[in-house]
Amino acid sequence: MAELQADFAVTAAADAAAPARRLWRRLEPTALGAGGIVGLLLVWQFLPDLVPMKAGTKLFFTVPSDIAGTLWRMFATGSIWAPLGVSAGAFAIGLGLAILAGLPLGILLGRSNVLNAMFDPFITAFNATPRLVFLPLLLLWFGLGLWSKVAIVFLGALFPLLINTYEGVRNADKLLINVVRSFGAGEWDIARLVVVPNALPFIIVGLRLAIGRAVLGVVVAEFFGAQDGLGVVMVRAASEFKVDVVFAGLIVFAVLSLVMTGLVKLIEDRMSRWRPQQVSGD
Amino acid sequence: MTEQTVIQPRLMGRYRNVVLGALAVVLFFAAWQAIFLVVPFNPLFISKPSLIAAGFVDLVASGELFDDLAVSAVPFFLGLGAAVVVGVPLGIVMGWRVRIGYALDPLMTIFYASPLVALAPLLVIFFGVGLPGKTIIVFSLAVFPFIFNACAGVRAVDRRLIDVVRSLGGGEWDLYRKVLLPSVLPFVVAGARIAIGRALIGVLVGEFFAASEGIGFAISRFGDLFAIDKMFACILTVMVIAVVLTEGIRFAERSAFPWRRGQ
Chain A
189 MAELQADFAV
199 TAAADAAAPA
209 RRLWRRLEPT
219 ALGAGGIVGL
229 LLVWQFLPDL
239 VPMKAGTKLF
249 FTVPSDIAGT
259 LWRMFATGSI
269 WAPLGVSAGA
279 FAIGLGLAIL
289 AGLPLGILLG
299 RSNVLNAMFD
309 PFITAFNATP
319 RLVFLPLLLL
329 WFGLGLWSKV
339 AIVFLGALFP
349 LLINTYEGVR
359 NADKLLINVV
369 RSFGAGEWDI
379 ARLVVVPNAL
389 PFIIVGLRLA
399 IGRAVLGVVV
409 AEFFGAQDGL
419 GVVMVRAASE
429 FKVDVVFAGL
439 IVFAVLSLVM
449 TGLVKLIEDR
459 MSRWRPQQVS
469 GD
Chain B
91 MTEQTVIQPR
101 LMGRYRNVVL
111 GALAVVLFFA
121 AWQAIFLVVP
131 FNPLFISKPS
141 LIAAGFVDLV
151 ASGELFDDLA
161 VSAVPFFLGL
171 GAAVVVGVPL
181 GIVMGWRVRI
191 GYALDPLMTI
201 FYASPLVALA
211 PLLVIFFGVG
221 LPGKTIIVFS
231 LAVFPFIFNA
241 CAGVRAVDRR
251 LIDVVRSLGG
261 GEWDLYRKVL
271 LPSVLPFVVA
281 GARIAIGRAL
291 IGVLVGEFFA
301 ASEGIGFAIS
311 RFGDLFAIDK
321 MFACILTVMV
331 IAVVLTEGIR
341 FAERSAFPWR
351 RGQ
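So the protein lines, in turn, are chains A and B. So for the first sequence, the working numbering puts the first residue at 189; every next one is plus one. So for the second sequence, the working numbering puts the first residue at 91; every next one is plus one.
Treat the hints as calculated values from the structure; they're not laboratory data. Note that beta-carbon positions come from the ideal geometry of N, C-alpha and C, so glycine has one too. Accuracy of the hints is not assured; some may be wrong.
Label-pair distances were calculated between CB atoms; the ranges are [unchecked claim]: (1) Ala-112/B <-> Leu-285/A: 28 to 34 Å; (2) Ser-300/A <-> Arg-344/B: 24 to 30 Å; (3) Asp-264/B <-> Leu-211/A: 58 to 64 Å; (4) Ile-225/A <-> Asp-148/B: 50 to 56 Å; (5) Val-128/B <-> Ala-280/A: 32 to 38 Å; (6) Val-176/B <-> Thr-218/A: 24 to 30 Å.
Chain B stretches covered by chain A per the calculated footprint, using a threshold of three residues with CB under 8 Å from any CB of chain A [to be verified]: (7) 112-126; (8) 184-194; (9) 198-210; (10) 322-329; (11) 333-344.
All chains should be modelled from the sequences, with the hints used to inform the complete structure.
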C-alpha cells in the first residue's frame, strides 16, 4: 500500500509524458509475454493457409480452434469427467502415500547420521533413475489398472518430498535444537517444536516438485498399462489420428498441474512471508 | 600423540559414511537373497540376486545387452546434443535481450510445466518408432532445462565484466563469446543434470511404445515373457548408467567450477 502511494506521488510529480512510459514499463513483461503466446497460437492457427501441406500431413495436423472446440465438447457433454476422475484418483492416492511415507522418512534421515549414510546409496540411485524404468515390473506386480498407476505416482513423488524434507531438517538451527534439548525436550519435542516448522518451506518446495512428477507418472502409466483414464483416451485418440483430442488431453493435464503447483506456491508465499528467501529447489 | 587421536576420528568420520553405505547395499542384497529361504515367493514375479547376476552374465555374453544399449544410446545422445545446440543459444538470447525474454518466458514456462511426454504417442505415430521419433521425444523433453539454465546464467552475469568489455571497444559478438558463454557454462552443466534424467525418460517412453530394439524395449519384452531375472538385470543396468551419468556431471561440476560448490 505504501509502495503504491509512493508510486502515485512520483507519477503525479512527473511530466505528462512520463506516466505513459512508466505504465508501459510495468506492463511490458506481461504484454510481451501474452503477445508471445498469442503470436504462437495465431501462427499455428493460420499455418495450414500459409504453407501448402500434403494430405498425409494434414491428417496429423490440428489447429488451436479445433482443439478449443474439442475441449469445449468434452466438458459440455461431460465425457471428460469419467476418465479424468480415474486419473485424478490414481494421482491423489499416489501423492498422498508419498507424503505419508516421504515426510517421516525425511525427518528420520535428517536426524540420524547413521541411517542417512545407510540410505544414501539407495536414494541416490532411485533419484537418478527415471522411475519409468520400473513400470513394466510394476505392471507385472500390480496388474493393469489403479494400483500400478498409484505405484508409479508414488515412486515419482516420493523422492522430491523425501529429499527436500531431509534438506529442511538438516537446515534446522543447531542452537535452537540445543536450547530446546537443554530444557529437557526429547527427540519428539525437538521434531515438533524446531525441526518440522523449520523444514516446512522446504517440504512445500518438495511438494511442488512432487506434483509435477506425479502428473507425469499418471500420464505415462496410463499410456502403457491402463484400461481407463485420460492418458488412455489420449493414446486411443492418437492411434485414430484424432490429434485435437491428444492436445486437449495435454492441456487438461497441464492446467491441472499448473493450478496445483500454483496453489502450493500460494501456501508457500503465505507461510514464508516472514522469512528471508533461502529455500532451494532443483 | 595428541595429533593422532584427533586425526583418527576424523578419518573414521570421512570414511564412515561410505562404509555404512556400502554395508547397507551389501546387507540389502544379502537380505533379498536370504528371504527366499524363508518365504517361497513365486519366481514368476520376483527374482533373487543370484539369478539376476546369472541373467546379467547371460545378456552380456550373448551381446544382447550391449546391442540394446547401443541402440538406445544413439537417440539419447542425438536428442541431448540437439537440445544443447538449440537450448543454450536460445536461453542466452532470452536472458540477454530483455524483451525477447519477456516475450518467450511465459511460453517456455508453459511448455516446461506441462507434461510434454503426453505428446509422445503423437510423435511416435508421426515420426515412427525408430530413431527419428525417439530423438525428437528426447529433444523436446531435454531442451527446456538448457533454455532456462542458460537464461538464468546470463541474468547472473557480473555487470562489471560487460562494462569492461564494452569500454575496451568490444561489440555484441565479443560479449557473447567472451563474457556470456563462459559465465553461462556452469549453469548449463547444472541444467544437463536435469536434462539427462528427462532424456532417459524420453528414450524409455519411445521404446516402451512400439520399438523393436533398445533397452526400454528389452525391459518390457522380458516383462511380457516373465523373464524376471533378465528384466531385473536390465533395470539395474539402467539404474547404474543413470547414477554414473548424473554423478559424473556432479563431479565435473565440482572439479571444473569449484567456486560454485554448494549450488
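These are the hints, each one checked on the structure:
Separated by about 30 Å at the C-beta atoms, Ala-112/B and Leu-285/A satisfy the suggested range of 28 to 34 Å. One distance hint, 24 to 30 Å for the beta-carbon pair Ser-300/A and Arg-344/B, holds here, with the actual separation near 26 Å. In this structure the hint that Asp-264/B and Leu-211/A lie 58 to 64 Å apart at CB is violated, the actual value being about 36 Å. Distance hint check: the CB atoms of Ile-225/A and Asp-148/B are about 53 Å apart, consistent with the given range 50 to 56 Å.
Between Val-128/B and Ala-280/A the beta carbons are some 36 Å apart, a value that agrees with the proposed interval 32 to 38 Å. For Val-176/B and Thr-218/A, the Cβ-Cβ distance of about 26 Å falls inside the hinted range of 24 to 30 Å, so the restraint holds. Interface restraint, the segment 112-126 of chain B with chain A: holds (5 residues with C-beta to C-beta distance below 8 Å; minimum three). With a cut-off of 8 Å between beta carbons, the segment 184-194 of chain B has 4 residues touching chain A; three or more are needed, and the interface restraint holds.
Only when three residues or more bring their CB closer than 8 Å to a CB of chain A does the claim for the segment 198-210 of chain B stand; here the count is 9, and the claim holds. Here the segment 322-329 of chain B counts 4 residues with a CB under 8 Å from a CB of chain A, which clears the bar of 3, and the coverage holds. Counting residues of the segment 333-344 of chain B whose CB falls under 8 Å from any CB of chain A gives 4; the rule of at least 3 is met.
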